[in-house]
Amino acid sequence: MTYQQLFALSAALTQPNDISDGLRILADAFPDQSQLPFPTSVDEWLADDLCHSGLLAMPPIDPLSIFKQQQPIHHQHQQQQQQQQQQMCSNTSQHDLQQALQQLLPVSPPLTASPPNLDRSLESPEHQLRVPLFPEIPRQRVLMPKTSTNCPRTIAPRPSTMPVTVESKKRSVDDMNNNKDGDDIAVKRQKNTDAARRSRLKKLKRMECLEERVSELETDNTRLTTRIAVLESEKSGLESKDRGLEERVRILEQQLAEAHRALTNNR
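Sequential numbering from 168 applies to the sequence shown in the numbering used here.
FYI, nobody ran anything at the bench for these hints, they're computed from the structure.
One or more of the hints may lead you astray.
Said to hold, decoys possible - Pair by pair, the computed Cβ-Cβ distance ranges are:
1. 353 - 248: 48 to 56 Å
2. 369 - 340: 36 to 44 Å
3. 367 - 337: 42 to 50 Å
Stated by the list, open to error - Calculated pairs, DSSO-like style, for lysine-lysine (alpha carbon to alpha carbon, straight line, at most 27 Å):
4. 372 - 358
5. 370 - 358
6. 347 - 337
7. 355 - 372
8. 369 - 358
9. 370 - 347
10. 358 - 347
11. 369 - 355
Glycine residues also receive a C-beta, built at the ideal position from the N, C-alpha and C atoms.
Put together the whole structure using the sequences plus the hints.
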């Protein structure tokens, strides 16, 4: 019986003697136990079928060995996550740098970054817990592939200080412009406030001058009204005196005329 004939047997028709013969054949074919082939999915299926048929006892599962097999997988998974995060950070920093340079230097051609090799970071060997077909023969521990441990790690480029400097300069320029605009607005507001205050002061002074002028004119009006009353009284007195003088002149003229007639009659 050969190794291929052993695996071509049906689990329902396999006898314990055939399994013992198969073990001896494997022991003779592989004197060095490190040369035993690794178990595959066919081995697992055959071992499960033999265990369910009662022809092969279920080997005890060592939790420590399971933990040791899972530990490299977990460590490698953490390394892959760290590499992906570093690649994302580097891509983000390069994208921010491109945007900053495009805003500051619109004439210059845009910077292009080579796309990262995601296939290497996404490659993860599948490790599964397999039950060996023949637990009596110790098999070699599954080691990590040498290519996976020695694969070049993608080193994230050190973030350049240029975007920070450009952004800081841009922010400082924006702050200066905002401060300048704020100062101009404050100066204009102060000028408007001063102009309004001066206008109100001028208006108040003008109103005060007008009120003083009104009071002076009212005083003059009262004085002139009194003067008019005095002059009217003097006028009425002079008119009455004038009438009296006119009456006396008329009487004297009559007396003079009678005297003249009397003299002329006596001659």
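Hints, one by one, checked against the model:
Separated by about 53 Å at the C-beta atoms, residue 353 and residue 248 satisfy the suggested range of 48 to 56 Å. Between residue 369 and residue 340 the beta carbons are some 43 Å apart, a value that agrees with the proposed interval 36 to 44 Å. Roughly 44 Å separates the CB atoms of residue 367 and residue 337, a value that falls within the hinted 42 to 50 Å. With a C-alpha separation of about 21 Å, the suggested pairing of residue 372 with residue 358 holds against the 27 Å cut-off.
With a C-alpha separation of about 18 Å, the suggested pair residue 370 and residue 358 falls inside the 27 Å cut-off, and the hint holds. Using a Cα cut-off of 27 Å, the hinted pair residue 347 and residue 337 holds, with the two alpha carbons roughly 15 Å apart. A distance of roughly 25 Å separates the Cα atoms of residue 355 and residue 372; the hinted pair therefore holds under the 27 Å criterion. Between residue 369 and residue 358 the CA atoms are separated by roughly 16 Å; this keeps the pair inside 27 Å, and the hint holds.
With a C-alpha separation of about 34 Å, the suggested pairing of residue 370 with residue 347 is violated against the 27 Å cut-off. With a CA separation close to 16 Å, the supplied pair residue 358 and residue 347 stays within the 27 Å bound. Only pairs whose Cα atoms come within 27 Å are accepted, and residue 369 paired with residue 355 is accepted, the gap being roughly 21 Å.
Taken one by one, the earlier hints fail for this structure only at number 9.
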